[in-house]
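Q: Take a look at the letters that make up each chain.
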Amino acid sequence: MDYTTYSEIVKKNAPKKHMVRNGFLAFISGGLMGIAAQALIDLGTNVLNLETPEAMSFSAIVVVFFAAVLTMFGWYNNLAQLVGAGLFIPTTGFANSMTSAAIEGKFEGPIYGVGTRMFALAGSVITYGVFSAVICCVIRYILSFMGVAL
Amino acid sequence: MSLTLKFKDVYIQASAAVAGPEEAQGPLKEYFDYCFSNIYADQKSYEDGEKEMSKTAILTALKKSGLPSSKIDIAFGGDLTDQLAVSNLLAKEMPYSFVGVYGACSTAMLSLALASTFVSSKLATNALCFSSSNYGSSERQFRYPTEYGIEKKDTTTITVSGAGAAIVGNRKTKVKVVSCTFGKVHDVKWTDANDMGSPMAFAAYDTIAQHLKHSKRTFKDYDLIMTGDLSSIGSKVVKEMFEKEGQVFFNHVDSGSLIYEKGEWDKFSGGSGCGCIAITTYGYILQKMEQKDIKRILLVGTGALHSKTSVGQKKVIPVIAHAVELERVEE
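Line by line, the protein sequences give chains A and B.
Position one of the first sequence corresponds to residue 0 (numbering that gives the first Met the number 0), numbered consecutively onward.
Position one of the second sequence corresponds to residue 0 (numbering that gives the first Met the number 0), numbered consecutively onward.
For the record, the hints were derived by calculation from the structure and aren't laboratory data.
The list that follows gives simulated cross-link-like pairs (lysine-lysine, DSBU-like), each with its CA atoms no further than 30 Å apart:
hint: 1; chain 1: B; residue 1: Lys-151; chain 2: A; residue 2: Lys-16
hint: 2; chain 1: A; residue 1: Lys-15; chain 2: B; residue 2: Lys-151
hint: 3; chain 1: B; residue 1: Lys-188; chain 2: A; residue 2: Lys-11
hint: 4; chain 1: A; residue 1: Lys-15; chain 2: B; residue 2: Lys-314
hint: 5; chain 1: B; residue 1: Lys-235; chain 2: A; residue 2: Lys-10
hint: 6; chain 1: B; residue 1: Lys-219; chain 2: B; residue 2: Lys-183
hint: 7; chain 1: A; residue 1: Lys-105; chain 2: B; residue 2: Lys-43
hint: 8; chain 1: B; residue 1: Lys-219; chain 2: B; residue 2: Lys-173
hint: 9; chain 1: B; residue 1: Lys-261; chain 2: A; residue 2: Lys-10
hint: 10; chain 1: B; residue 1: Lys-261; chain 2: A; residue 2: Lys-11
hint: 11; chain 1: B; residue 1: Lys-183; chain 2: A; residue 2: Lys-10
hint: 12; chain 1: A; residue 1: Lys-15; chain 2: B; residue 2: Lys-307
Produce the complete structure using the sequences and hints provided.
A: Shown next, in the form of structure tokens:
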């Protein structure tokens, strides 16, 4: 059998992608995450008497904590399978990538296991987060000479 | 052109299948010799768990055969971890010669074919073959940490946690190893590691076609032709490939579709891994043959020969399939 006939058969049998369903679930769950995080900020400013920047950090810490706890109990991946990007894009995705890698790192011990493997998936986010911050700062610095204040 | 070998006086002396917790809840549970309640098999890591499963399968097979380990001349075996770490760590406890083999998920059939070749050519009287896989160790090896929350595609297969072992020898028993076909490695320009059923279907198609041609047989000569882990998608592809050639592949079954109960673990495309066809064959199929439900079967182990590094470098995924034909001996 030639390659062309084979690839036609493969193409025909490829399962349908559920883009609408996945997009809808991600939109709803991502939105709910946003509401929850905003509620935590409001809790910080109104009840705990925190300044807004502090309340935002407080909100992020709580979200990350819960993502880590859900990962620990083995529930996070089931939730993520259901809602996809709704949990992957927020800070929860970052928290889960570190905790899930750390859990399995324990087999190789604290140094080469947990310590090293923890950043196996999250490393990219940190690297390019820092890199893009540097680029943005340079642009801002150059613009300041031209009288543009950002 | 693939190589087909016809064997003389090669029989399955005994076999054993050991399964993990999810597999133990599936439809084949009564055919497994031993089931562990967790994928760690009560050890400290996934890899140690896999080794324990493999060890249990080998010791059970030896016990069932009634042969002392001194009567085993050579062992062939493998798994899916880096440099066959699990099998090699297990082999250091074996008093006989050991050859580690890697054919990805086709390892179970590759090791059986090699063991049969040695016995048939009188290079060994009794040879052991085994293979194992573990959901945890394979996810670590090829994908992400098990708790990582990424949405898996529908085409994904679930690595079976389990191990199978068999002893082949020249003493006459109920099941005979008739022949085998060592497959060729194919490149179907495939790079998606989340759908390995589709490319492996090509390898399965080629090996089956070659085996039928060389053995001068048709689909009608077999009660069943069982592929390893083509997934529900690859199974459709291989059937359609034969249909295009004007042949109806009516007696096909994929071992990955037999293992899990419909529901939670069945939401993807079926089971995969070295353990998949190993526990299905060495547990279910051989018992069915002894019970006279199956007379002749062709087992086709399929493998996707990629590594995390090769996929990372955007290389194609080479695929292979090895086939072994078994037949019940009429008294």
